[in-house]
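Trainee: Those protein sequences? They're chains A and B, same order as listed.
The opening position of the first sequence corresponds to residue 1 in my numbering, with each subsequent residue numbered one higher.
The opening position of the second sequence corresponds to residue 1001 in my numbering, with each subsequent residue numbered one higher.
Among the hints, erroneous ones may be present.
To give a feel for the contact side, a few chain A residues facing chain B, derived at Cβ under 10 Å [as the list claims (entries may be wrong)]:
1. Glu21
2. His24
3. Gln28
4. Lys160
5. Val166
6. Asn169
7. Leu188
8. Lys194
9. His228
10. Ser246
11. Glu247
Here are a few chain B residues that face chain A, going by a calculated C-beta distance under 8 Å [claimed, not checked]:
12. Asn1173
13. Lys1198
14. Ile1222
15. Thr1224
16. Asn1234
17. Lys1255
If you're looking for bench data, these hints aren't it; they were derived computationally from the structure.
No residue lacks a Cβ here, since even glycine has one placed at the ideal position from N, Cα and C.
2 protein chains.
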Amino acid sequence: MKISIIGSGNMAHFVALSFHENGHTVHQIYSRRLQNAQKLAAICQAEAVTKIEDFNPEIDALFLLVNDHAIAELAQHPHLNPFFLVHCAGSQPISLLQPTIRPCAVIWPIYSINKNQPPIHLSIPLVIESNSDKVHPTTLSLAHILSDNVTTLSFSQREKLHLSAVMSNNFINHLLNLNHSFLNKEGLNSELLKPIIKQTFLNHINANSFIPQTGPAARGDIKTITRHLQLLENHPQMHDLYKNMSEAIINYYLKQ
Amino acid sequence: MKISIIGSGNMAHFVALSFHENGHTVHQIYSRRLQNAQKLAAICQAEAVTKIEDFNPEIDALFLLVNDHAIAELAQHPHLNPFFLVHCAGSQPISLLQPTIRPCAVIWPIYSINKNQPPIHLSIPLVIESNSDKVHPTTLSLAHILSDNVTTLSFSQREKLHLSAVMSNNFINHLLNLNHSFLNKEGLNSELLKPIIKQTFLNHINANSFIPQTGPAARGDIKTITRHLQLLENHPQMHDLYKNMSEAIINYYLKQ
């Protein structure tokens, strides 16, 4: 298949390299900064373009891989009227792409794409949506170049998965980052925590179920919680997070 | 070495089997429920006892593997005066074991021990403390039967690691449990989230550093956060947790 791309960030790298390396064609790449477009274009033998009007419509799809808030405006550009447009933003509806005037689709990876560590196994889950049964086969073909794991879902379902991905990635990341900073500041070796972190996530990955909770909050051990909050007196953000999470666990297990 | 054990729970199983399977002797096991003591004693060729007075002092150490709040009372039992006592509670001081009258130690695994899935590689981190230089070699010998990864730390350091373990295990477990329930209630396939969960943890386990944050909260995307909170209207506990965590991330990244 033959695609062009607007954008040169993490997602643009992932899409461009997946197409190029799997024998498909990346025709043109646009970025607000020409240098960025050129850099990515060089890797996948594409042409860097500097104006939206330069896009050649003889392609299967144009990927809009820009910040969420920039998608709608780009889709309104008159030069793009004849294009099959695709965005990859989990929290954004397909309606941004004006499905009444053109074929369009959403292909959202439930994964944090980093151009320096691209997913390698074609196994990351993709959630897709298209604006008609007629264009769904093209959407599926485009998606399968990126991954073997493709699921068609409505926007309402996708939104909930996006929320869940925020919890599974951003929130856990924040907890582990604060923890890392805390151990560093206290001069403790963060390697000592790695086995229990690994255990925690393997429990959830291997079991497809609710994992029994242990620890001070689940057993209502206010004495230990109070002591931990004392230890966090000089770490106000971690203090508040510890307090909120402990209260959440107490409410969940002891007040139901 | 030769030990006896009070308790028959997860930690008692782990200690008893580690000693037995590595060619050491588990002499006697006590549990308030004789049947539980007998069951564990049978596995490691020990004797089940029903009274504290039945413990034979000709051993290297007696492990008190009971609930945190029961340790101090047991340590006051006059029959146990001549014993080398060990507890394994991360949040409890060695002083519960009355270090003025006897040799004693703490051996705390930074791991959630489950008798049905015991740690297998002798690699879980153990944090130890003993009440004198004289008994420290014995403490080290006891610990090395359970794991190769042994670190001597003060109670003040151990308390902070315990707090950190609570965050790394209990808090993340709670987030992932709520997430699992949410996906189930909404009829969504929780398998779709596993790759990003795995990615999140591997980022922290492989890097020994702060992982850059992404997502709606880190970029101050109030519109998406508000929409997610709407989606959680029928999940009040997850709603509050989502709100608290998002505020924590916003405060951390945008208001510093």
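Trainee: Compare the structure with each hint and give your call.
Mentor: Tested hints:
Interface restraint check for glutamate 21 of chain A: the shortest CB-CB distance to chain B comes to about 20 Å, outside 10 Å, so the restraint is violated. A cut of 10 Å between beta carbons decides the hint on histidine 24 of chain A: the least distance to chain B is about 23 Å, and the hint is violated. Using the Cβ-Cβ criterion of 10 Å, the hint placing glutamine 28 of chain A at the interface with chain B is not satisfied: the shortest such distance is roughly 27 Å. The criterion of a C-beta within 10 Å of any C-beta in chain B is met by lysine 160 of chain A, whose closest approach is roughly 5 Å, and the hint holds.
Checking valine 166 of chain A against chain B: minimum C-beta separation of about 5 Å stays under 10 Å; hint holds. The beta carbon of asparagine 169 of chain A is positioned within 10 Å of a beta carbon in chain B (closest approach about 5 Å), and the interface hint is therefore held. The beta carbon of leucine 188 of chain A comes within 6 Å of a beta carbon in chain B, closer than 10 Å, and the hint placing it at the interface holds. Here the hint on lysine 194 of chain A is kept, as its CB sits about 5 Å from the closest CB of chain B, short of 10 Å.
The beta carbon of histidine 228 of chain A comes within 4 Å of a beta carbon in chain B, closer than 10 Å, and the hint placing it at the interface holds. Residue-level restraint check for serine 246 of chain A holds (minimum Cβ-Cβ distance to chain B is 8 Å; threshold 10 Å). With a cut of 10 Å, the hint placing glutamate 247 of chain A at the interface with chain B holds, because the nearest CB-to-CB distance is about 9 Å. Contact between asparagine 1173 of chain B and chain A, as hinted, is supported at the beta carbon level, the nearest pair being about 6 Å apart and thus within 8 Å.
Using the Cβ-Cβ criterion of 8 Å, the hint placing lysine 1198 of chain B at the interface with chain A is satisfied: the shortest such distance is roughly 6 Å. Below 8 Å, beta-carbon pairs count as interface contacts, and isoleucine 1222 of chain B has none with chain A, the closest being about 12 Å; its hint is therefore violated. With a least beta-carbon distance of about 5 Å to chain A, the hint placing threonine 1224 of chain B at the interface is held under the 8 Å criterion. Proximity of asparagine 1234 of chain B to chain A is violated relative to the hint, the smallest CB-CB distance being about 11 Å (cut-off 8 Å).
The criterion of a C-beta within 8 Å of any C-beta in chain A is not met by lysine 1255 of chain B, whose closest approach is roughly 10 Å, and the hint is violated.
Checked against the numbered hints given earlier, the structure breaks hints 1, 2, 3, 14, 16, 17 and satisfies all the rest.
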